[in-house]
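Protein chains in written order, with this note's numbering: chain A, 1 to 258; chain B, 1001 to 1420.
Some hints could be false.
Dumping the calculated EDC-like pairs for lysine to aspartate or glutamate here, alpha-carbon to alpha-carbon at most 16 Å [what the hints assert, rightly or not]: (1) B/K1042 - A/E131; (2) A/K226 - B/E1008; (3) A/K255 - A/E216.
Going by beta-carbon spacing under 8 Å, a handful of chain B positions derived as facing chain A [said to hold, decoys possible]: (4) N1002; (5) F1003; (6) N1011; (7) I1045; (8) G1053; (9) I1097; (10) Y1245; (11) V1274; (12) M1276; (13) F1357; (14) K1367.
If you're looking for bench data, these hints aren't it; they were derived computationally from the structure. Ideal Cβ placement from N, Cα and C applies to all residues, glycine included.
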Amino acid sequence: MNTSTTLIYDGSFNGFLTAVFVAFDEKINVVDIQKNNQSQSGLFSDTETVFTNVEKAKRVWNGIRNKSYNAISNVYFAFLSETEGVELMLYNYIQKLMRAQSGKCLDYSDSTVLYIAQLAKKVGREKHRMEAFVRFQLTKDEIYFANIEPDFDVLPLISKHFRDRYADQKWLIYDIKRKYGIYYDLDHVEMVSLNLKDIQHNKTVKSNAFTSEEYEYQTLWNDYFKSTNIASRINPKLHTQHVPKRYWKYLSEKKEAV
Amino acid sequence: MNFDRIREKLNILADAAKYDVSCASSGSDRTNKTKGLGNASKMGICHSYTADGRCVSLLKILLTNHCIFDCAYCVTRKSNDVPRAAFKVQEVVDLTINFYRRNYIEGLFLSSGIFKSPDHTMERLVSVAKKLRKEENFNGYIHLKSIPGASDELMYEAGLYADRLSVNIEVPTISGLKLLAPDKKHEDFTKPMEKVKNEIVRYKSEQKIIKNTPKYAPAGQSTQMIVGASGESDKDIMYSATYYYKTYNMKRVYYSGYVPVTHDSRLPAIGSQVPMLRENRLYQTDWLLRFYGFSVGEILNNQHPNLDMDVDPKLSWALRNLHHFPVNVNTADKRLLARIPGIGMRSVDKIVKARKFRKLNWDHLKKMGVALNRAQYFMVCESRYWERRDLDAEKIKGMILQNSSGKFRNQYSTQLSLFN
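With the rest of the complex left out, here is chain A:
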């Protein structure tokens, strides 16, 4: 009987793909794939640490993409959900995909396929929300700054959207939960980590990091937001369904409600 093995990888997407490569290459009987900082060895399985190798990762990426474009984006999106145990699900998914002729990623009657598709959908929804709910504030050194706290790690997914859209202004979007941000310097986007003393939640107190004009525009926007409301149609349930309360602290129009 094959001994079963737990693979440990470094937590990056490339690391995960390398682990998949190793598993296929060495025909390992995988029981789990775990991040190195939260690994837990099983009673009856060995552990093996996988070192990230971009070449190998690329081969897996291309292998999946050649099967289906739909599948590769599902894999990437679902991976970014950071759900516990998603690695093993993804491994099963990729196995199924490779075994089948084609179109396996569309078999919604298979529980793994449906699960991954639904997970990818959730991450896609969060990505779209962040494209909507990011609120830039203009700092005195002319950088449009925003901080967010998304449910999933969506910064890599939204970077292109913001780069295309705000090509003529410097901007910085910072993920407080995961402690890194993306910064655009009018030429390209790079990853940055900051030491934020003062997290810029939506405070009613003004910070002197921002221009005074900034607060004028926030007032105008808040006024505008208030006047779009039609009182005789009020529907708070629908409102919170569209703008869940956990995002309120970053929306300047919700400043008073927080």
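Given the structure of chain A, go ahead and fit chain B onto it with the hints provided.
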């Protein structure tokens, strides 16, 4: 920039613009080519939602609320005593750019009361759009209102800068229009629509030959109708909506439950309830017509001039046409699947893809997100269990209503409540 003055104006002019329902920012694919500001997102983005749950995606304002017309349903009509204001062109441009840079909005929705003449007003609207595009290198979404009665030349120019153009016909019937808006003629509404439609068709055909033909109103046209102001039936509304979809290639027709804003004997009194459920049913019908392959005569006709309020229009159609059911989800074609109540187009898509691999049973369908409480009476699948009783329409309706809840239910129920 004098922020206090702007603030005053914004409050007046945003307040007057809010009765325009359309806030769509989708359908345009304008790109940011020259490192300028903004692009259009094909699917549109809602940046916030009002307390009544409507999307806020565009900066929706009037250029001015001075108006020479006196339409009964309108809050800015000339006989109404409200504070008036007007923006300068540059002020609108500055507001749009600064809101956009902070990721508050997808773009601008500019409408206006009609001052001096339709052409004079339209020219001003066009100049805002032109300035944004030419001077500010702005590629975000612009929605301009076509002013009824504006000349063809101005309408042509508007389409060069705007992504979407719209004229609100407001009153679905010509007789209603005569009663409520005596200054306006039906032709005033249709003439700009006709012009824009023809230009869109012309540009599309040129684009096939010359690839870099500039864009002309890439997100098309839309219009809006008030519901419940002039006593029209659902059939009147949907038949005229269908007419506008067909004749003018409308991208969208919006239905707006009339919010009473004035004391006028021709209209519902202030304080009467906004017909939100009716509005909801009309949108459902609209979707059935545009995406589910229904024709308007199947849902509304002389025997059924109004929609059912207690069940959705698809279910109500199915209950009247039980001879089409049950449908087998493992063999039926797409068109028929889409007609089963409780199965939406996304589920149809999933079913068609999944059934290539195996026959589907209740469990599969439930996981895919089919609303089985409605669908179970109208379909069979790979299972020994299905609805075998010989039920008539009333019975099925009763059982569905019993096992579901609706947010408008108690408002329209005839049953008295014990506790309030």
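Here's how the hints hold up against the structure:
For a cut-off of 16 Å, the pair hint linking B/K1042 to A/E131 stands: about 13 Å separates their Cα positions. Between the alpha carbons of A/K226 and B/E1008 the distance comes to roughly 13 Å, so the proposed pair stays at or under 16 Å and holds. Among the hinted pairs, A/K255 with A/E216 is consistent with the structure: their alpha-carbon atoms are about 14 Å apart, no more than 16 Å. Hint on B/N1002 is violated. Least Cβ distance to chain A is approximately 10 Å, over the 8 Å limit.
The interface hint given for B/F1003 holds, since its Cβ lies 5 Å from the closest Cβ of chain A, which is under the 8 Å cut-off. Against a cut-off of 8 Å between C-beta atoms, the interface hint on B/N1011 holds, since the closest Cβ of chain A lies about 6 Å away. With its C-beta approaching chain A no nearer than about 5 Å, B/I1045 sits inside the 8 Å limit, and its interface hint holds. Hint status for B/G1053: holds, given a least beta-carbon distance of 3 Å to chain A, under 8 Å.
Interface hint status for B/I1097: violated, as the beta-carbon distance to the closest one in chain A is roughly 11 Å, over 8 Å. Annotation: B/Y1245 was flagged as interfacial toward chain A, and the flag is violated, the nearest CB pair being 26 Å apart, outside 8 Å. With a cut of 8 Å, the hint placing B/V1274 at the interface with chain A holds, because the nearest CB-to-CB distance is about 6 Å. Given the 8 Å rule on beta carbons, the hint for B/M1276 holds: about 7 Å separates it from the nearest Cβ of chain A.
Interface hint status for B/F1357: upheld, as the beta-carbon distance to the closest one in chain A is roughly 4 Å, under 8 Å. Interface hint at B/K1367: satisfied, since its Cβ lies 6 Å from the closest Cβ of chain A, which is below the 8 Å cut-off.
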